Amino acid sequence: MAETLTLTPAAAKRVSWIAEKQSKPAILRLSVEGGGCSGFQYKFDLADAAEEDDSISETAGVKLVVDPISLDLVSGSVVDFVESLGGAAFRVENPQAAAGCGCGSSFGI
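Residue numbers (UniProt numbering): 1 to 109.
The hints are simulated quantities; they were obtained by calculation from the structure and are not laboratory data. The structure displayed is predicted, hence computed values, not measured ones. By construction, the Cβ of each residue, glycine as well, lies at the ideal position given by its N, Cα and C atoms. One or more of the hints may lead you astray.
Below, simulated SDA-like cross-link-like pairs (lysine to any residue); rule was C-alpha separation at most 25 Å, straight line [claimed, not checked]: (1) 43 to 8; (2) 63 to 29; (3) 63 to 27; (4) 24 to 51; (5) 24 to 95; (6) 13 to 98; (7) 21 to 89; (8) 43 to 87; (9) 21 to 95; (10) 43 to 56; (11) 24 to 35; (12) 21 to 46.
Simulated DEER-style distance windows between Cβ atoms [said to hold, decoys possible]: (13) 53 to 87: 22 to 28 Å; (14) 53 to 76: 26 to 32 Å; (15) 52 to 87: 33 to 39 Å; (16) 56 to 22: 26 to 32 Å; (17) 51 to 82: 17 to 23 Å; (18) 17 to 84: 16 to 22 Å; (19) 76 to 21: 18 to 24 Å; (20) 72 to 23: 31 to 37 Å; (21) 51 to 17: 20 to 26 Å.
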């Protein structure tokens, strides 16, 4: 399956660090749920393994996995890890998002 998502080196490094602390594989699952102030919200979890129908992207040995339904909403996105005065968080730069919110964790299409 073609890689339609990108995990930045900064995000890969952070996932690797979290996975090591939790003794889990370095697999970040990105999913989309209904809700948030703009209609959809991103959800991040560490996964034990990729599912058979997941789209998988890999950076520096860290996998980013997305289910087919969520992939329709985040295809072409870049997942980054950003640290600022407001805190540290994973950010999704989604070219499909027509609207967003100030918190950066929800979007509309």
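Verification of the supplied hints:
Proximity of residue 43 to residue 8 is assessed by CA-CA distance (about 17 Å); at most 25 Å being required, the pair is judged to hold. Under the criterion of a C-alpha separation no larger than 25 Å, the hint pairing residue 63 with residue 29 is consistent with the structure, at around 8 Å. For the given pair, residue 63 sits about 5 Å from residue 27 by alpha-carbon distance, which is consistent with the 25 Å threshold. About 16 Å separates the Cα atoms of residue 24 and residue 51, which keeps this hinted pair within 25 Å; it holds.
About 30 Å separates the Cα atoms of residue 24 and residue 95, which puts this hinted pair outside 25 Å; it is violated. In summary, the hint linking residue 13 to residue 98 is not supported, as the alpha carbons are separated by about 29 Å, beyond the 25 Å threshold. Distance hint between residue 21 and residue 89 is fulfilled; the C-alpha atoms sit about 17 Å from each other, no more than 25 Å. Under the criterion of a C-alpha separation no larger than 25 Å, the hint pairing residue 43 with residue 87 is consistent with the structure, at around 17 Å.
With a C-alpha separation of about 32 Å, the suggested pairing of residue 21 with residue 95 is violated against the 25 Å cut-off. As the CA atoms of residue 43 and residue 56 are separated by approximately 16 Å, the hinted pair is consistent with the 25 Å bound. With a C-alpha separation of about 28 Å, the suggested pair residue 24 and residue 35 falls outside the 25 Å cut-off, and the hint is violated. Restraint check: the Cα-Cα separation between residue 21 and residue 46 comes to about 12 Å, which is no more than 25 Å; the hinted pair holds.
Checking the proposed 22 to 28 Å range against residue 53 and residue 87 shows it is violated: the Cβ atoms sit about 33 Å from each other. A hinted range of 26 to 32 Å for the beta carbons of residue 53 and residue 76 is inconsistent with their spacing of about 19 Å. Between residue 52 and residue 87 the Cβ separation comes to about 35 Å, which falls inside the hinted range of 33 to 39 Å. At roughly 20 Å, the beta-carbon separation of residue 56 and residue 22 lies outside the given 26 to 32 Å, and the hint is violated.
Judged by the Cβ atoms, the range 17 to 23 Å given for residue 51 and residue 82 is violated: they are separated by roughly 28 Å. Under the hint 16 to 22 Å, the C-beta atoms of residue 17 and residue 84, about 18 Å apart, fit the expected range. At roughly 31 Å, the beta carbons of residue 76 and residue 21 sit outside the given window of 18 to 24 Å. Restraint check, residue 72 to residue 23: a C-beta distance of roughly 33 Å satisfies the suggested window 31 to 37 Å.
Remark: the range hint 20 to 26 Å for residue 51 to residue 17 is upheld by a beta-carbon distance near 24 Å.
Taken one by one, the earlier hints fail for this structure at numbers 5, 6, 9, 11, 13, 14, 16, 17 and 19, listed in ascending order.
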